[in-house]
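In the order they appear, the protein sequences are chains A and B.
Here our numbering is used: the first residue of the first sequence is 119, the next is one more, and so on.
Here our numbering is used: the first residue of the second sequence is -11, the next is one more, and so on.
Derived by calculation from the structure, the hints in this document are not laboratory data.
None of these values were measured; they are calculated from a predicted model.
Accuracy of the hints is not assured; some may be wrong.
[As the list claims (entries may be wrong)] When the alpha-carbon atoms are kept at most 25 Å apart in a straight line, the in silico DMTMM-like pairs for lysine to aspartate or glutamate are as follows:
1. B/Lys119 with A/Asp289
2. A/Lys224 with B/Asp71
3. B/Lys119 with B/Asp144
4. A/Lys281 with B/Asp71
5. B/Lys119 with B/Asp71
6. A/Lys281 with B/Glu99
7. B/Lys119 with A/Asp284
Each chain is listed here by its residues.
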Amino acid sequence: MAATAPHDAADEATAVHAAGGVSRTMRILVPVIMLALVVIAWWGIVIAYQIPRYILPSPADVAVAMVTDWPILGRSLLNTLWTTFAALALALTGGVALAILMAQSKWIELALYPYAVILQVTPIVAIAPLILIYAPSTEFALLLCAWIVAFFPVLSNTTAGLKSVDHNLLDLFQLYGASRWRTLWYLQIPAALPFFLAGLKIAGGLALIAAVVAEFAAGSAGAGSGLAFRLLESQYRLNIPRLFAALILLSLTGVVIFAMTSLVSHLLLRRWHESALPRDR
Amino acid sequence: MRPGGAQAAALASSPSAAGETPADGRAGAPIVRLAGVGKRFANGVTALAGLDLTVRQGEFLSLLGPSGCGKSTALRIIAGLADPSSGTVEWSRDTGGGVPGAHDIGFVFQEPTLMPWATVFANVWLPLRLKGVSRHSARDDVMGALALVGLDRFADAYPRELSGGMKMRVSIARALVTRPRILLMDEPFAALDEITRQRLNDDLLAIKVRLGTTVVFVTHSVFESAYLSTRIVVMAARPGRLLETIDVTAPLPRGQDFRMSALYHEACEETSRALQAAIVTAGDSHL
Chain A
119 MAATAPHDAA DEATAVHAAG GVSRTMRILV PVIMLALVVI AWWGIVIAYQ IPRYILPSPA
179 DVAVAMVTDW PILGRSLLNT LWTTFAALAL ALTGGVALAI LMAQSKWIEL ALYPYAVILQ
239 VTPIVAIAPL ILIYAPSTEF ALLLCAWIVA FFPVLSNTTA GLKSVDHNLL DLFQLYGASR
299 WRTLWYLQIP AALPFFLAGL KIAGGLALIA AVVAEFAAGS AGAGSGLAFR LLESQYRLNI
359 PRLFAALILL SLTGVVIFAM TSLVSHLLLR RWHESALPRD R
Chain B
-11 MRPGGAQAAA LASSPSAAGE TPADGRAGAP IVRLAGVGKR FANGVTALAG LDLTVRQGEF
49 LSLLGPSGCG KSTALRIIAG LADPSSGTVE WSRDTGGGVP GAHDIGFVFQ EPTLMPWATV
109 FANVWLPLRL KGVSRHSARD DVMGALALVG LDRFADAYPR ELSGGMKMRV SIARALVTRP
169 RILLMDEPFA ALDEITRQRL NDDLLAIKVR LGTTVVFVTH SVFESAYLST RIVVMAARPG
229 RLLETIDVTA PLPRGQDFRM SALYHEACEE TSRALQAAIV TAGDSHL
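This is chain A alone, in the form it adopts within the complex (with noise of 0.2 Å):
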């Protein structure tokens, strides 16, 4: 008894320490018994009600779908990701290189900032139409559709975070005849840091969204068709499982780029950053 108590303790002081009161198995295990009930549930309903497939399959049956249609929803599900992740790349590049130009000067932000927000407030679905009449391919309609959701989140908290620099630390870099370029590099754009990635968390999010929703206008079929297509066609074939499938697989990469912005965002700012700092108890 005595020989283990130390030991009890030490454990239990470095499981409240992993994660602030749950321990860490406790963490992933909750959720995964909160997943399996719910999938039970779901076919549980299915089987005493006697659901038909084509209003809502049984989880097999989406599981079946998900692996005999996996070479229509596999290459769908690596359009869609182009799309996305070409989007948000042109975002950020894009955004940042739009707020460091507006923050040079009162004078280019006032001349360009109105179309910024003109773009971000008109409905994406009201301006595809228009952007599928004029752009060479649909392949890069959806990424102009794309771009233009995903752009304003990056645009404009990094314009805010340009902004937010400490007087006191500018008037410093006045004091010490700091270029202006050398105020820029050392002192706004590490500030606007925390900023920026905030909105590259919500652009992650948005530029998958747009995707979705400009191939919906689009209904681009054959070889560029994305997932969301597919979900289109598996309702009109009424293949429900099928949709449920791509609806899955839709979901899943959401998760995946909001965790994969999010661990970019903690290793960024894990040192030094409010935000990625646990709260001593």
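Position chain B against the provided structure of chain A, taking the given hints into account.
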């Protein structure tokens, strides 16, 4: 922690400490002279009107006064962070005539004003980095400045890991790393607790004597100004102007003995009376 350590020697041999400066705080030749300096902000508020003030080599000068007397504005004008609306700021010949080089001036703000994403080392390196000095070449100067404030062991820490007093020490090290001739401090210890504040006061005086730096110190504390200063300038508000000048003749550095001395208590009394007059003059019934 007391300032000191082997690396401090590098800073102690700075040119400003060599000979011509009376290290104990006796005033030497004028460094900067404000003549008829006024400041009117865009919103119509007159922060300063006709301020005449000469800062002399080697002195510890405090600017004391009620809120709105323009003491911080005067400091910012000396630093070149604000332009006077009227009057002139004249630097002595040996700072190169008109405008001093950026590195002749050190500035310490009311808040530590550190970059949270940078280590203590990188924060202190900043003034040299902005001058184009590499991390490697700056190393001795940065570590010397950190040793001076007793924080050389914390070079790799981030600001969030430090206490309020330690952050302020880093801020002081950063201001000293360029070995400025004149150190401008804008109520640097106002947010600190009394014990930390007293220790920082003693350490600041020790550093000042060691480096021979001239200090202009803005404060609203009678006791702090009487303890630190060789000269106290009491200012009145609305409009901000110089009301009275009090000399505190005890040599620097000072210690617990000085705190108990009649001289200190006289200085406190005289300063208090002047400050009271400043408040009455401004008609600040709401203070």
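Hints and how they fare:
1. B/Lys119 with A/Asp289: 16 Å, holds
2. A/Lys224 with B/Asp71: Satisfied, since the Cα-Cα distance of roughly 22 Å is no more than 25 Å.
3. B/Lys119 with B/Asp144: Since the Cα atoms of B/Lys119 and B/Asp144 sit roughly 22 Å apart, the hinted pair holds (cutoff 25 Å).
4. A/Lys281 with B/Asp71: 23 Å, holds
5. B/Lys119 with B/Asp71: Judged against 25 Å, a Cα distance of about 23 Å means the pair holds.
6. A/Lys281 with B/Glu99: 19 Å, holds
7. B/Lys119 with A/Asp284: 21 Å, holds
In summary, the structure agrees with every hint in the numbered list given earlier.
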